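Can you build the whole structure from these sequences, using the hints too?
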Amino acid sequence: MRMLRLLFLLLFLSGLCSAQIGTWTLYYSENDALSSDGSSVVITPTVSISGSTNAWCLNSREFASYTAAVMLNGNPWAVGQPTYAAGARGTSLSYTFPSVTVAAGGVVDMSYAGKVEGDCFKFLDLSDAISFGYVEDAYDPSDTFVDGFLPDIPPTFPCAIDTSFYPDVQPCSLPWPPVWASITPYPIYSADIDSQQVAQVIATPTNFQLGPGTADPSGNGYLDFNSISWQSSSGNLSDLSACVVGEYVTYPGTGNFVWPSPPYQAETMSNPTIINIAATEGGCADVHSHPAFQTPYAASNFNSAQQYRWSCSNWANGQWFNFSNYTISRGVNQHPAPSNAWYYLITKAGYSASVDPLP
Amino acid sequence: MRSVTLVWALLMAFSTTSSSQTSLAGLAYSLESDAVSAREPVGLSVTVSNKSDQAIAVDFGREGTQNLTFSVLSPDGSTKTIVPPLRKGLAPRGDFKILPGKSLAKHIVLNEWFDFTAVGQYRIEVRLTSPITDLQGEVVATDPGTQLSLDVLPEDDSQLQKTCARLLAEISSSSSYAQAEGAGKKLAAIADPIAVPYLLRATSLWHLEPITIPTLSKIGDATAVDALIVLLNSKDSDATALSRSSLMDLKGRLTDPSLQDKIRGALEPGS
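Top to bottom, those sequences are chains V and F. Residue numbering for the first sequence follows this note's numbering, starting at 254 and increasing by one per position. Residue numbering for the second sequence follows this note's numbering, starting at 184 and increasing by one per position.
Derived by calculation from the structure, the hints in this document are not laboratory data. Since the structure is predicted, the reported quantities are computational estimates derived from the model, not experimental observations. A virtual CB, placed ideally from N, CA and C, is assigned to each residue, including glycine. Treat the hints with care, as some may be off.
One-sided excerpt, in silico: chain V residues whose CB lies under 10 Å from chain F [stated by the list, open to error]:
1. Ser480
2. Ser494
3. Phe510
4. Ile527
5. Asn529
6. His543
7. Tyr561
8. Cys565
Okay, structure coming up:
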């Protein structure tokens, strides 16, 4: 990436040219601005125009006249005024706009109002490469900077000033002739300035639905949730290719969980039990089973804590976000006399399955 | 190794209420390699192609395998037939809709259910037990079953290492979780000490902890214990929790006193 040691100033020709040029930056912190459920991010765009001190040939009045009107998703968003120390030579201008919350999967299109392809600019100093108009995507560093938009401009313009157009412009210290440069529309320039896609926020899983639980028709006491579903915040499940949806289930105690025996056969479960599946599936099933029963039966009741969650490797450093928590309750108990029969009951989210009586 | 499609199993007529219109659905099985060295993963690809002008539905069952039956004739003449057992918990439903002109490919690792360590030729029979239907439930095609042939060559540590390295590279460069998971399952099928460093590195990628850590536990030698201890002390909370669970399991399972002491020291530092 080239350093932004760019030495330029632009003037716009009213009626003929209406142009602003600068370094466009969208800043947002993926950690600080992320909502707690990971569904949105708050961004605060800043537009800045940068240059080195001795290159600016306009005084403060000229700088102060700059405004940046920003269109957000095609609608007027805000007009920013530059921060500028009066009387000082300009080194940079920056415009900070109101924060906006962008849903995961959303796109912010930001553009300068009034900027059209083919606008011409007047540069007072073109002795260095000009870089501007870039889009920062915090999640894809390779996209963060696009430079060299104007590599074909002859590099022979050291400094230029047109005092006739701007009579209060202070002359440059170097006796360079005034030069006007017209920017030839450039494909990448056109794409990044005229139609800025400033932020493509990564798609994430959303709208998790547990769906109903049903008892396995075989009567084995399995509780089956067969229509668990979720969606992509972009509306397209294939956008979730970097995401997983999973469960994190903890059983009583620490370390592996051994089913109490009797009334169950002593099967060992990993504690926690963690399962992940591709979020592009858009849904899954979850069956809550149990080991075979073992006599002589004994009363046993325990809960396991289940968390449905999601993570995207391209979002918030891959951290886990919670969808929903459930308690899975299992019990083997005895009916009161005179039945005295043993039965198994599992419940979750108001749904249940049973084996009654136990064999 | 080259990928060889061994059998195109099915190419059946698609009948609709409009008898003048005929289209096709195709179901193909192929082994990802027709020869592997012992201990290497054996991958099976299943491709369903919709050659009709209507969407079709295919249901592989829970976990994408419950509606498949496998039968393997081993070199010693024994045959094992299974429907893959249903695991507890969360699982893909395995049902898919395929649009006209599109196809769907599934990749299955067979080592989870079959032992391919004996050298020789294996005959693998696979069949989708549920019919392919249109979206109204009318049967489009049924699968009569397919036989595939696999040659298992003598153990080759060098080849196994190359396979591990290739799979780890595939995981690292995956563009999606599904791709990483597929390679991760193949790597996890290699329950051999050679795979330990690769499993360790893969664990930190793409949330593959639930896939790789059980294999480290299954390997259970000194290198695997060391790897699990590294994961126990990692910043990845899932890796920490699962490695703790595995080490506790190994502590009760291993008979080597030095390994037991090492595990005890890791689980109970300062004790």
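Hints and how they fare:
no.: 1; hint: Ser480; verdict: holds, 8 Å
no.: 2; hint: Ser494; verdict: holds, 4 Å
no.: 3; hint: Phe510; verdict: holds, 9 Å
no.: 4; hint: Ile527; verdict: holds, 5 Å
no.: 5; hint: Asn529; verdict: holds, 5 Å
no.: 6; hint: His543; verdict: holds, 9 Å
no.: 7; hint: Tyr561; verdict: holds, 8 Å
no.: 8; hint: Cys565; verdict: holds, 9 Å
Of the numbered hints listed earlier, not one is contradicted by the structure.
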